[in-house]
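Undergrad: What follows is the residue order along each chain.
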Amino acid sequence: MKIKPAVLTGVHFMNGDYACAEGALAAGCRFFAGYPITPATEIAEAMSRRMPHVGGIFIQMEDELASMNSILGASCAGVKSMTATSGPGFSLMMENFGLGIMMEIPCVLVNIQRGGPSTGLPTMVGQQDMMQARWGSHGDYEVIALTPSSPQEMFDYTIKAFNLSEKYRLPVLIMSDEIVGHMTERVVIPNEEDIFIINRKKPKNKPGKYLMFQPEEDLIPCMANAGEGYKVITTGLTHDERGYPDMSAEAQEILITRLCDKIRKNKDDIIEYTVFGQDDAEIIIAAYGSPARSALSAVSLARKEGIKVGLFRMITVWPFPEEKVLELATRARVIIVPEINKGQIVHEVERCSKGRCQVISLPKLARIHTPYEILNVIKEVSNS
Amino acid sequence: MSQNDIHPMDKLIRADRMPHIWCSGCGLGTNFSCFLSALDQSGLDIDKCVIVSGIGCTGRIPGYTNIDSYHTTHGRAIPFATGLKLANPELTVIVFSGDGDLFAIGGNHFIHAARRNVDINIICVNNFNYGMTGGQFGPTTPLDAITTTSPYGNYEHPFNLVQVAAGSGAVYVVRWTSLHVRRLTNSIKEALLKKGFTFIEIISPCPTSFGRRNKLGDGLDEMKYYQKYSVIRHGIDPKDADLCLNGKIVVGKFIDVDKPTFLDNQPDLVSMAEKNKK
Amino acid sequence: MDYWRKPLDIDKYEITHGAIHIIIDRCKGCNFCIEFCPKKVLEVSNEFNVKGYHPPMVADQAGCVACKLCELICPEFAIYVTEDKHMAISKKEPHED
Numbered sequence: 018m019k020i021k022p023a024v025l026t027g028v029h030f031m032n033g034d035y036a037c038a039e040g041a042l043a044a045g046c047r048f049f050a051g052y053p054i055t056p057a058t059e060i061a062e063a064m065s066r067r068m069p070h071v072g073g074i075f076i077q078m079e080d081e082l083a084s085m086n087s088i089l090g091a092s093c094a095g096v097k098s099m100t101a102t103s104g105p106g107f108s109l110m111m112e113n114f115g116l117g118i119m120m121e122i123p124c125v126l127v128n129i130q131r132g133g134p135s136t137g138l139p140t141m142v143g144q145q146d147m148m149q150a151r152w153g154s155h156g157d158y159e160v161i162a163l164t165p166s167s168p169q170e171m172f173d174y175t176i177k178a179f180n181l182s183e184k185y186r187l188p189v190l191i192m193s194d195e196i197v198g199h200m201t202e203r204v205v206i207p208n209e210e211d212i213f214i215i216n217r218k219k220p221k222n223k224p225g226k227y228l229m230f231q232p233e234e235d236l237i238p239c240m241a242n243a244g245e246g247y248k249v250i251t252t253g254l255t256h257d258e259r260g261y262p263d264m265s266a267e268a269q270e271i272l273i274t275r276l277c278d279k280i281r282k283n284k285d286d287i288i289e290y291t292v293f294g295q296d297d298a299e300i301i302i303a304a305y306g307s308p309a310r311s312a313l314s315a316v317s318l319a320r321k322e323g324i325k326v327g328l329f330r331m332i333t334v335w336p337f338p339e340e341k342v343l344e345l346a347t348r349a350r351v352i353i354v355p356e357i358n359k360g361q362i363v364h365e366v367e368r369c370s371k372g373r374c375q376v377i378s379l380p381k382l383a384r385i386h387t388p389y390e391i392l393n394v395i396k397e398v399s400n401s
Numbered sequence: 309m310s311q312n313d314i315h316p317m318d319k320l321i322r323a324d325r326m327p328h329i330w331c332s333g334c335g336l337g338t339n340f341s342c343f344l345s346a347l348d349q350s351g352l353d354i355d356k357c358v359i360v361s362g363i364g365c366t367g368r369i370p371g372y373t374n375i376d377s378y379h380t381t382h383g384r385a386i387p388f389a390t391g392l393k394l395a396n397p398e399l400t401v402i403v404f405s406g407d408g409d410l411f412a413i414g415g416n417h418f419i420h421a422a423r424r425n426v427d428i429n430i431i432c433v434n435n436f437n438y439g440m441t442g443g444q445f446g447p448t449t450p451l452d453a454i455t456t457t458s459p460y461g462n463y464e465h466p467f468n469l470v471q472v473a474a475g476s477g478a479v480y481v482v483r484w485t486s487l488h489v490r491r492l493t494n495s496i497k498e499a500l501l502k503k504g505f506t507f508i509e510i511i512s513p514c515p516t517s518f519g520r521r522n523k524l525g526d527g528l529d530e531m532k533y534y535q536k537y538s539v540i541r542h543g544i545d546p547k548d549a550d551l552c553l554n555g556k557i558v559v560g561k562f563i564d565v566d567k568p569t570f571l572d573n574q575p576d577l578v579s580m581a582e583k584n585k586k
Numbered sequence: 117m118d119y120w121r122k123p124l125d126i127d128k129y130e131i132t133h134g135a136i137h138i139i140i141d142r143c144k145g146c147n148f149c150i151e152f153c154p155k156k157v158l159e160v161s162n163e164f165n166v167k168g169y170h171p172p173m174v175a176d177q178a179g180c181v182a183c184k185l186c187e188l189i190c191p192e193f194a195i196y197v198t199e200d201k202h203m204a205i206s207k208k209e210p211h212e213d
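Protein chains in written order, with our numbering: chain S, 18 to 401; chain W, 309 to 586; chain R, 117 to 213.
Please note that the accuracy of each hint is not assured.
Under the rule of at most 30 angstroms between Cα atoms (straight-line distance), these lysine-lysine pairs were calculated in the DSS-like manner [to be verified]:
hint, chain 1, residue 1, chain 2, residue 2
1, W, Lys356, S, Lys219
2, W, Lys502, S, Lys248
3, R, Lys155, W, Lys503
4, R, Lys156, W, Lys523
5, W, Lys319, S, Lys223
6, W, Lys583, S, Lys19
7, W, Lys532, R, Lys155
8, R, Lys122, W, Lys532
9, S, Lys226, W, Lys319
10, W, Lys356, S, Lys223
11, S, Lys218, W, Lys356
12, R, Lys155, W, Lys556
13, W, Lys536, R, Lys155
14, S, Lys248, W, Lys356
15, W, Lys583, S, Lys21
16, S, Lys218, S, Lys279
17, S, Lys218, W, Lys536
18, W, Lys319, R, Lys156
19, W, Lys497, R, Lys155
20, S, Lys248, W, Lys497
21, R, Lys122, W, Lys523
22, S, Lys221, W, Lys356
23, R, Lys167, W, Lys319
24, R, Lys156, W, Lys556
25, R, Lys122, W, Lys536
26, R, Lys155, W, Lys319
27, W, Lys319, S, Lys219
28, W, Lys319, S, Lys248
By construction, these hints were calculated from the structure, which means they are not laboratory data. All figures in this text were calculated on a predicted structure; none of them were measured in a lab.
Model the full structure from these sequences, guided by the hints.
TA: Structure below.
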């Protein structure tokens, strides 16, 4: 047996799930906890094979509640950690995703979405958890959710997810889908030194002076790990800057406002999207995840026919690119939103376009839209 | 004898948070005191000790302990602790939580962490009910006991926690009451220094909820009951250590064995590769 | 409760003596220390602390052998004992609080 390095520099032919696992290892993830679930199981399988090569830990937990908690624990011990799941498992993780938000623990949670609700369609694609990603845990908070569209992006944006989680001290979501997870494509893994890595801010004060939840100017507190002598106190209860439980309206106001603001005020740094042919576009397709691939084909086909159409592909769905959508809505006549659900992100597009253009939902279940389905709608709209 | 005296355990508690939330006559403070003494006597580097809990009255213990402390969600202390320990094996990880937290909502995590033999130490305070929410029956409430959700007497069979722990694979299983302060302290110390998944159950008074509704008197009366009705039976089969309302309390050390931990059994690819070369 | 016999070699041992310190305002009046002191050194006092409980008082200082059971059993970290060699001589020291 040959020991493989953490970063498998080179050109590979791998599926999105494996690319996600390799991205995590390249980002420095050394703790993976998971529970088998279609279509995310390959990530756990890849991690069980690869972790011993890099001196990391793979643990198959008894359920998703345990998976989520153990990655929080591992991150508190200073090790970058990740879990991966799908529909039902994502629901089980939601409570402790909230614990990660409250305790401000960096880690990455991957959801390879399938059809729901309940057990639903385990082997078929879905994008039905997009609102759950935003609001799935109780209480008020802001999240970061990325939606890669290819195995290459699964690699790249898993690294970015780790960087964002370490930078902003919160669990970051990768809201992929079954098509991207199971699709096998070319994945280029760069040299280790070319991979940009962000690590959490370490305490600048000595033990005794350092406070676990005292924010710096960017609203993000420095993080001490367990075993470093800082005697940290952390709780899921509303707490003050020391971490002491504080059962008062004032403490709730201060803490929750900061937890939201640390994302809201830094959204320009977080939000990422691509645009194609937007300058002259009267019709915009707004898509994310696997439907963005069909949408790109549809836009290319339509433009060949002389229709002024553009693609707005969201890579960060949460925080939602509100300002960009408003700008597009101001210039375009119609925004079409193809999604593999009954219409979720379309409501956000409607909200942010503020009535300045027509917004059309293009829902579909369990399958990806074909380019021609989208093209037909473009043509209908273009002729009307 | 001035009022400004500093208690010797003040170095290990967050003294600025005293008084704690526990009622007069509650056993939790005593259990906590024994834990701190054990920690103090263990000789462990306290900067490398971490305490984790779930939710409940017992779940407040980490918040009062002046070491790295994590007060997590209901039932999830064990997986959180598992993550801490596996990510940094240098840490000594203690889970201090209640019977409802560890064996009802968190029961699945308990049996699996024991099965894996993750090297963490579980201290479970068993007061036979959910105290913090006002005294509902739980997985350890004896048959016929009155609680706010068993007003006609509990009709569910309780767990015998030491049997559950032993059956799940814990390498060290002990039960004491809050009164057995010295034996409890020694057992906690032994558990802290032992490798593998250790389990200590502490039978503890809850005078405000369980004691009051079952006419057990105040905390002191419950402690006197422990004095009168506890029987030490080291090494007996844990199945014979079940508890009932107003019955004998079998205490002692039931299991103390050694077996490889989760980390001991990790695949060692480096030596496997060496072997293949030869 | 007379379980104990007098050890035959008791002369060979020096019995330690303790000074009891009570942090009055931490006490919640559970009486564990009073009840379980093997030498019955403590008693309930008549005074109230800030929380309205009756803290314990030392009734028989000379009787304390510094076993520290009260220190270990106290749920409130409100009582502790320091070993005090002189205490053996100054018997029946009055309660100071």
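Undergrad: The structure should be examined with respect to each hint, and the outcome stated for every one.
TA: Results of checking the hints against the structure:
Note on lysine 356 of chain W and lysine 219 of chain S: the hinted pairing holds, with a Cα-Cα distance of about 18 angstroms set against a maximum of 30 angstroms. For the given pair, lysine 502 of chain W sits about 23 angstroms from lysine 248 of chain S by alpha-carbon distance, which is consistent with the 30 angstroms threshold. Distance hint between lysine 155 of chain R and lysine 503 of chain W is unfulfilled; the C-alpha atoms sit about 38 angstroms from each other, more than 30 angstroms. Pair hint lysine 156 of chain R plus lysine 523 of chain W holds up; C-alpha atoms about 27 angstroms apart against a cutoff of 30 angstroms.
With a C-alpha separation of about 18 angstroms, the suggested pair lysine 319 of chain W and lysine 223 of chain S falls inside the 30 angstroms cut-off, and the hint holds. Among the hinted pairs, lysine 583 of chain W with lysine 19 of chain S is consistent with the structure: their alpha-carbon atoms are about 11 angstroms apart, no more than 30 angstroms. Restraint check for lysine 532 of chain W and lysine 155 of chain R: the C-alpha separation of about 17 angstroms stays at or below 30 angstroms, so the hint holds. Taken as a hint, the lysine 122 of chain R and lysine 532 of chain W pair is honoured in the structure, with Cα atoms around 25 angstroms apart against an allowance of 30 angstroms.
Using a Cα cut-off of 30 angstroms, the hinted pair lysine 226 of chain S and lysine 319 of chain W holds, with the two alpha carbons roughly 16 angstroms apart. For a cut-off of 30 angstroms, the pair hint linking lysine 356 of chain W to lysine 223 of chain S stands: about 17 angstroms separates their Cα positions. For the suggested pair lysine 218 of chain S and lysine 356 of chain W, the alpha carbons sit about 21 angstroms apart, so the restraint of at most 30 angstroms is met. A threshold of 30 angstroms between alpha carbons decides the hint, and for lysine 155 of chain R with lysine 556 of chain W the separation of about 27 angstroms falls inside it, so the pair holds.
Only pairs whose Cα atoms come within 30 angstroms are accepted, and lysine 536 of chain W paired with lysine 155 of chain R is accepted, the gap being roughly 19 angstroms. Note on lysine 248 of chain S and lysine 356 of chain W: the hinted pairing holds, with a Cα-Cα distance of about 10 angstroms set against a maximum of 30 angstroms. For the given pair, lysine 583 of chain W sits about 17 angstroms from lysine 21 of chain S by alpha-carbon distance, which is consistent with the 30 angstroms threshold. Using a Cα cut-off of 30 angstroms, the hinted pair lysine 218 of chain S and lysine 279 of chain S holds, with the two alpha carbons roughly 15 angstroms apart.
Distance hint between lysine 218 of chain S and lysine 536 of chain W is unfulfilled; the C-alpha atoms sit about 56 angstroms from each other, more than 30 angstroms. Annotation: proposed proximity of lysine 319 of chain W to lysine 156 of chain R holds, straight-line Cα distance about 29 angstroms (limit 30 angstroms). Taken as a hint, the lysine 497 of chain W and lysine 155 of chain R pair is honoured in the structure, with Cα atoms around 27 angstroms apart against an allowance of 30 angstroms. Distance hint between lysine 248 of chain S and lysine 497 of chain W is fulfilled; the C-alpha atoms sit about 21 angstroms from each other, no more than 30 angstroms.
For the suggested pair lysine 122 of chain R and lysine 523 of chain W, the alpha carbons sit about 38 angstroms apart, so the restraint of at most 30 angstroms is broken. Distance restraint check for lysine 221 of chain S and lysine 356 of chain W: the Cα-Cα separation of roughly 20 angstroms lies within the 30 angstroms cut-off, and the hinted pair is therefore satisfied. With a CA separation close to 24 angstroms, the supplied pair lysine 167 of chain R and lysine 319 of chain W stays within the 30 angstroms bound. About 27 angstroms separates the Cα atoms of lysine 156 of chain R and lysine 556 of chain W, which keeps this hinted pair within 30 angstroms; it holds.
Between lysine 122 of chain R and lysine 536 of chain W, the direct Cα distance comes to roughly 23 angstroms. Compliance with the 30 angstroms bound is thereby established for this hinted pair. Proximity of lysine 155 of chain R to lysine 319 of chain W is assessed by CA-CA distance (about 28 angstroms); at most 30 angstroms being required, the pair is judged to hold. Between lysine 319 of chain W and lysine 219 of chain S the alpha-carbon distance is near 25 angstroms, which keeps this suggested pair within the 30 angstroms criterion. For the proposed pair lysine 319 of chain W and lysine 248 of chain S, the alpha carbon gap of about 12 angstroms is at most 30 angstroms, so the pair holds.
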